[in-house]
Amino acid sequence: MSDYRIQGDTGEWEVVIGLEVHAQVTSNAKLFSGAATAFGAEPNTQVSLVDAAMPGMLPVPNRECIRQAVRTGMAIEAQINKWSRFDRKNYFYADLPQGYQISQLYHPIVGEGAIDISLDEKNPDAAGKRIGVERIHVEQDAGKLMHDQHPTQSYVDLNRSGVALMEIVSKPDLASPAETGAYLRKLRSILRYVGSCDGNMEEGSMRADVNVSVRKPGDELGTRTETKNVNSVRFVMAVVEQEAKRQVEVLEAGGKIVQETRLYDPDRNETRSMRSKEDAHDYRYFPDPDLLPLVLDDAFLEECRASLPELPDAKRARYEALGITAYQATVLTAEVEAARWFDALLDAGVKPAAAANWTTSELFGALNRTGRDIANSPVSPAQAAELLGLIADGTLSGSLAKQVFEVMLETGDGAAKVVEDRGLKQTSDTGAIEKVIAEVMAANADKVADYRGGKDKLFGFFVGQTMKAMGGKANPAVVNEVLKSALGESVAP
Amino acid sequence: MTDLTDLGIAGIRDGVRDGSFSARDVADAFIVKVSQAKALNAFLVETPDHAIAAATAADTARAAGETLKPLAGVPIGMKDLFCTKGVTTTAASHILEGFTPTYESTVSQNLWDAGAGMLGKLNMDQFAMGSSNETSAFGNVISPWKRNDGNGVGGNAALAPGGSSGGSSSAVAARLCPGATGTDTGGSIRQPAAFTGISGIKPTYGRCSRWGTIAFASSLDQAGPMARDVRDCAILLEAMAGFDSKDGTSLQLDVPKWEAGLSASLAGLRVGIPKEYRVDGMPEEIEALWQKGIDWLKDAGATIVEVSLPHTKYALPAYYIIAPAEASSNLARYDGVRYGIRDLPAGSGLQDMYAATRADGFGPEVKRRIMIGTYVLSAGYYDAYYTQAQKIRTLIARDFEKAWETCDVLLTPTAPSAAFALGEKSADPIAMYLNDVFTVPSSLAGLPAMSVPGGLDKQGLPLGLQIIGKPLDEQGVLNAGLAIEQRAGFTARPEAWW
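Here the protein sequences line up with chains C and G, keeping their order. Read in the UniProt record's numbering, the first sequence has 134 at position 134, and its numbers run on one by one without any break. Read in the UniProt record's numbering, the second sequence has 334 at position 334, and its numbers run on one by one without any break.
For the record, the hints were derived by calculation from the structure and aren't laboratory data. Possibly wrong hints are sitting among the right ones.
EDC-like mimics (lysine to aspartate or glutamate), calculated; alpha carbons at most 20 Å apart, straight line [claimed, not checked]: (1) C:89 <-> G:383; (2) C:315 <-> C:125; (3) G:246 <-> C:64; (4) G:367 <-> G:352; (5) G:367 <-> C:282; (6) C:129 <-> C:313.
A partial selection of chain G residues facing chain C, derived with a Cβ cut-off under 8 Å [unchecked claim]: (7) 100; (8) 214; (9) 215; (10) 219; (11) 243; (12) 332; (13) 333; (14) 335; (15) 338; (16) 354; (17) 356; (18) 357.
None of these values were measured; they are calculated from a predicted model. For glycine and all other residues, C-beta sits at the position ideal for the given N, C-alpha and C.
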């Protein structure tokens, strides 16, 4: 149980949250027509006769959309319903050409499943919670109205009309803004791993309806409100926080929560009433007579299962088993692109711990600094493997490697080429190192005496001077060894 | 020389093939007949150019020694429910006035691909809702038939051609075209065929693609041919049917060679007579014709068995829940936004536009069914009406399955009366709905069923017999129809008055 509580005048309140996430299915074609689904196209250029609901047009299910929904269900270990059915949800609106949305009310394609979330990256297993998923169904998206094109008329863009959505409905198992955010991030991560949705909330390919109610600990569930179409993780968390606070205030002032649909206004960080249950449509759901029930055969299900990639939790466990820390494993598996990049690095033969350290500190640091994401990393896993190989075989010291990496980021050149071109190779030439050390000791005779007099800490000073004199290219291990011996040699027994 | 418009489809096809006459001559003859028959109001749009183009293609192909297509040289009429590319398509509703599709329905395309040409778009009950053709927004079609009691009450009354495919039935009966397309949701091919003394078959649900056919009730709508005899129906149906990946309910089956399979020898065939179809108040003449039909089928070698379809009496109420429910949703797209008429009162908003457009665009019967459908699907009533109706539908299908254990086809009257006069039933929707009592059960079960003319009543009006078959057994239905046709010797035709 979450210990998130709202402190009201009458005591503590718990928050109960459920999410309905609409995720646009990654597919080249719409759910029931062959029209394309590209984002940002000119209005009404991605519209077939079916999407515009011309007379006599009929929907035919797109196999790829069905496959993606099934794969998503499998990824959250949900029950896959081999028999499901499409229903019509009837209402009039200018962005809904058919006058109904084809959805699945009575018999969804995916039944109950679960998503494990973590509230502590450093200790993901200890701070975990299992969030139930009630169902996933597939449905059509509506078109879009544009109110800013004409002073007295609205324009309709049907590009989005008929695009396939998965509606992923959680159980009311979430109890805080943090849990809600973690759930949404984890869900997005899974969708991206599976490849069933790009999870791009800015472009609207993932949106959440946030159901919130409050109650005194131990009480029955309170009346909930539903805040529609929230389009970022941050906003979803803000909705939970603001809406729960608002409800507590209303209840403590002796008011009642009305079951209603609300909207979130990010500029004012508040939710506003959109319509109450009394104004709710009667959607007159009934089975779509244009479509036969959807029956999935075993071969199809097997193909779906076989095509599933390793998922974030499994990958994290595998990384940890390789000796990577839990924190690093969590960071490396949060986004599928990072995990893919890292797997490629491992495949190139780099030792797991070294690969994890370097990726999470050097690479992620550089990407952060340059404002890029890993999908656009200027350094490929193969190039990084080459660099790490040069560290492992002693060609480069840690600090030299940093210099080489910087050059690689700028030029896109391979590590060996940078080392060659810039002469950044580390030297393990004992003779040369001994010569420099002798010079350093001669120039710092007083410090040699101090060291020999017991000031052990000065050892670092000699290392630094030696490295400096050698332009950072000396092999630190050899320097240490030679220094120890040179400084110790003259110590009188 | 024979009047080419007296020929049926097989006759035209064969004559064009063997060079007895040209396809162009056939097209011209029918085009003239169509242009002279305005009084019947059977055609909403005349498309002589389409018919001539197809005829010219047939004649050119023949001159070049090519193998002719199955319907080369055959001009037909197209019910206005089928979307035809570049030709106004309205479903006989004001709301679609001026709508010209940019696409061709699968059924009409199949016919053009088979070489047929189009004489025009045929009038019908608005959105295929009606049994008399009186719901058309463009005036009712008039049957070419007249009662023979010219001096009696309503003697010269204009008669209903049946509905909803009333333009098709009237045009075929009046020899304005040798064959036409129809659609059948609860009897819309069979009842008008019976009223006008022609043949018509509704195939198994899923045989003909619904793509591009304006929807009335999706789970029931089926296209089928209407023509002067059984052979012509078989020829047309072969061209119309076939799997279509654009229709999710289309049957993925090859089209049988129905014409080649025609046989009137029914030895071994078991014909079921459902006792529940003996309804109160059915005219004696229909009873008598039914008995004749039984005798004809016996004569053709069939054995007769009595069967029971116990849920028959619930079929009509169930149909008038399911069909309006689907229609209320299917017709939601006519909203004035994208095509058809738009009524936008000054200063009004979206909801006002919907209300004005639909109030103006739909006729009273369409509105009635939208309201019934909306009601039966609404919260609190859904289970009491829609769910119950679906259960009845399942029971009716089960009745038929049970019947197939003891028989192969069923024989019934097509309609409980001969054609009635226009205006006679239009004030009483229930009386009108009762006309579908014999045709609706097989529609609910998705079964193939056809009407063939059996004789005339004492007023000189045609009466039809209905044969209902097992799923996919159009051949059995056609063969039984052929056996009746050969024995009934129905040669009556309306005298031209138009």
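Here is what the structure says about each hint:
no. : hint            : verdict
1   : C:89 <-> G:383  : 16 Å, holds
2   : C:315 <-> C:125 : 14 Å, holds
3   : G:246 <-> C:64  : 16 Å, holds
4   : G:367 <-> G:352 : 17 Å, holds
5   : G:367 <-> C:282 : 19 Å, holds
6   : C:129 <-> C:313 : 13 Å, holds
7   : 100             : 11 Å, violated
8   : 214             : 5 Å, holds
9   : 215             : 7 Å, holds
10  : 219             : 4 Å, holds
11  : 243             : 12 Å, violated
12  : 332             : 2 Å, holds
13  : 333             : 4 Å, holds
14  : 335             : 6 Å, holds
15  : 338             : 6 Å, holds
16  : 354             : 6 Å, holds
17  : 356             : 13 Å, violated
18  : 357             : 11 Å, violated
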